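Keeping their order, the protein sequence lines are chains A and B. Read left to right, the first sequence gives residues 1 to 315 (my numbering). Read left to right, the second sequence gives residues 1 to 312 (my numbering).
No wet-lab data here; the hints were simulated from the structure. Bear in mind that the values here come from a model prediction, so they are computed numbers and not experimental data. Be careful, since some hints might not be right.
FRET-style restraints, in silico, Cβ to Cβ [unchecked claim]:
| id | chain 1 | residue 1 | chain 2 | residue 2 | range |
| --- | --- | --- | --- | --- | --- |
| 1 | A | R249 | B | L84 | 40 to 48 Å |
| 2 | B | T173 | A | P94 | 49 to 57 Å |
| 3 | B | N95 | A | Q201 | 34 to 42 Å |
| 4 | A | P80 | B | E183 | 56 to 64 Å |
| 5 | A | D282 | B | N95 | 39 to 47 Å |
| 6 | A | K259 | B | A30 | 49 to 57 Å |
| 7 | A | I261 | B | N95 | 29 to 37 Å |
| 8 | A | C209 | B | N261 | 43 to 51 Å |
| 9 | B | P45 | A | A111 | 26 to 34 Å |
Cβ coordinates follow ideal geometry from the N, Cα and C atoms, glycine included.
The chain contents come next:
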Amino acid sequence: MTAVLSEQSVEADLQLAYRVLRVRIGQLLVNERLKDRAFKVGVHMALGHEAVAVAVAGVMEPGDALCLTHRNLHYHLAHPHALRGAMDEFSLLPSGVGGGWLGSMNMANPAAGIVYTSSILGNDLAVGAGIALADRLRGQASMTTVVTGDGAMEEGAFYETLLFAKSLELSCLILVENNGWSLATHISERRCPVQLDRLAQAFAMPYVCLEGNDVHDYFTRMQAVRAQAVQQRTPVLVEARLATLGDWRAKTPEFPDGKFINYHHGAANTVTLQDWPVIRQDGSDPVFVLGQRWDEERLRALAVQVRGELEAEIQ
Amino acid sequence: MNYMQHVNAMLRNSVAAVPELVIFGQNVSAGSCIGGLTRGLTVTPGSRILNTQNSEGTLAGVGFGLMLRGVSSVLCLKQQDFLLLSLDHLVNTYNVVRRLKSDTASFTILLVVVDQGFDGPQSCLNNLDDFCSMAHVPGYVMHNGHDVEKIINTHLVAPGFRILCVSQRLAGTELLRLEGPVETTPDGAVFRYARGTEATVVACNFAFPQALAVWNHLQDHAVQASLFSVNAMDATEWHWIREDLQRTRKLVLLDDSKSGNRMSDRLLWAMREAGVVDRAVLHRRDFSPAWFRPNPDLLEVDPAEILRQLQS
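Pulled out of the complex, with its shape left as it was, chain A reads as follows (with noise of 0.2 Å):
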């Protein structure tokens, strides 16, 4: 397959369905290439995170800046022509786009916005503050957009970080990845559930919560997050409630059904390159929820050209 599609020439209407699909079906290239053990570092795939990503990267206007955790593949997919970059960078040769300096937990591409990327939970939040304090004495007006999880938010960083944005008033997307998982340990392992719109409400900053993987809804309700924090001057907070695909089930004599792992990094052994790239039938799969909305032969052809594009770009 050769590529013959570029996200100018798919139609109007495909182009949220198209970009979805750009950054599954690049997760499960790289995917192939970690059973294969192709890298010299461990990549943190998002498969399950598209939808998010895609609407992130979609509101994002030049001077916008957005600070990635070390589980950023998605976020890099979403920009265009990225997978090889991305692919050298696992590589560390010169051609990645960190130059082979950066890596996977760390990688960043400023000239996509993407401008800093940190393994450490809750790191990168103080750092998209500063750079949001930065556009702010500029009087840009432009939002950085800072990803966290509901495991980085655990740390201190994530309170003195609301506090320090919604102080100065910075227009700042704070972004929760929630997929209830830290390592191995659930939340309900590890801590009591904690409300984050009871949270924003103590800061006075608006609350988004995202939900169902609609990536034309929640790229719809970025667009009005966007708005809101640039032009009242105010960070947001949003979570997006979503599921890291790719778990699996280890057989053990205490759990002879298998007990369910969920998937952190390296190669999602359970997950396999297929041209229709759905991963679960349910509403945790972006790639499933977008046969909600457009018909299904249409993005089953779709998927075929949007591989082929991506296969000719990482010959």
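Once you have looked at the hints, place chain B on chain A.
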């Protein structure tokens, strides 16, 4: 003019004309303004002075974020102890930021070292060595009129990241200035205050007042000594001191740092490797449980005893 007034005057002079600068931290423009350190600062219209919340970990990260966006900043802290909350950024964030395109902006952490021990065991950290060692962060101490001027003018607002330290013990004391020419390496890492032929006196960390007292005592007893200070925690250019020791062969080394990883250890090792030390008189502080109760926390030096050791 006392020491802190001089630091403050240099600070006011250095920041006044910087076109885009953020000076931030707790009480930078309130109350005592960090014991007078940041009192009366004025900045250009494109700059800001921000009294911030008490979140040292986040504040250090903010400085790096500003740096990534090309905005220079100075984070001021009342105690070095507070910087412990920022270690993640001093190491992990700095490791990435120095790789990314951020070489035009400046980020400086300017802090007070509580080098007297009466504030209790949790407020007596006097250890720039280890902060700098962990991620090879440039760091400088300032203890007299000469080095304050050189180091603030050279490093306060300059591309890159560093930590600058002033002494709480010296805050209200008369500013130390020596007669005659004072030489410095271009980066302010090493200062030479006097040239002698019979001994080489070197101060590390904040031990300059003690070193000066020793040097004066040696002069009073007709011992012509050289006097140096090593102000940088990452100094490696020892040629002045090495050349001096080739002549004197006698080293008096004073260091009041509480680190187990002292600059003076590295200096001593380098000079011994170079084979230029026949006699070394060391006055430093080794670990003591006494550190953990309120105490003067002073590197006590008896110049007469040092002279005796040199001549024995």
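Verification of the hints:
Against the hinted window of 40 to 48 Å, the Cβ-Cβ separation of R249 (chain A) and L84 (chain B) comes to about 43 Å, which satisfies the hint. Roughly 54 Å separates the CB atoms of T173 (chain B) and P94 (chain A), a value that falls within the hinted 49 to 57 Å. In this structure the hint that N95 (chain B) and Q201 (chain A) lie 34 to 42 Å apart at CB holds, the actual value being about 37 Å. Between P80 (chain A) and E183 (chain B) the C-beta distance comes to about 57 Å, which sits within the given range of 56 to 64 Å.
Our hint of 39 to 47 Å for D282 (chain A) and N95 (chain B) holds, since their Cβ atoms are close to 41 Å apart. Separated by about 56 Å at the C-beta atoms, K259 (chain A) and A30 (chain B) satisfy the suggested range of 49 to 57 Å. Checked against the hint of 29 to 37 Å, the C-beta distance between I261 (chain A) and N95 (chain B) comes to roughly 31 Å, which is consistent with it. Roughly 48 Å separates the CB atoms of C209 (chain A) and N261 (chain B), a value that falls within the hinted 43 to 51 Å.
In this structure, P45 (chain B) and A111 (chain A) meet the distance hint of 26 to 34 Å, their C-beta atoms being roughly 31 Å apart.
Of the hints listed earlier, there is not a single one the structure fails to meet.
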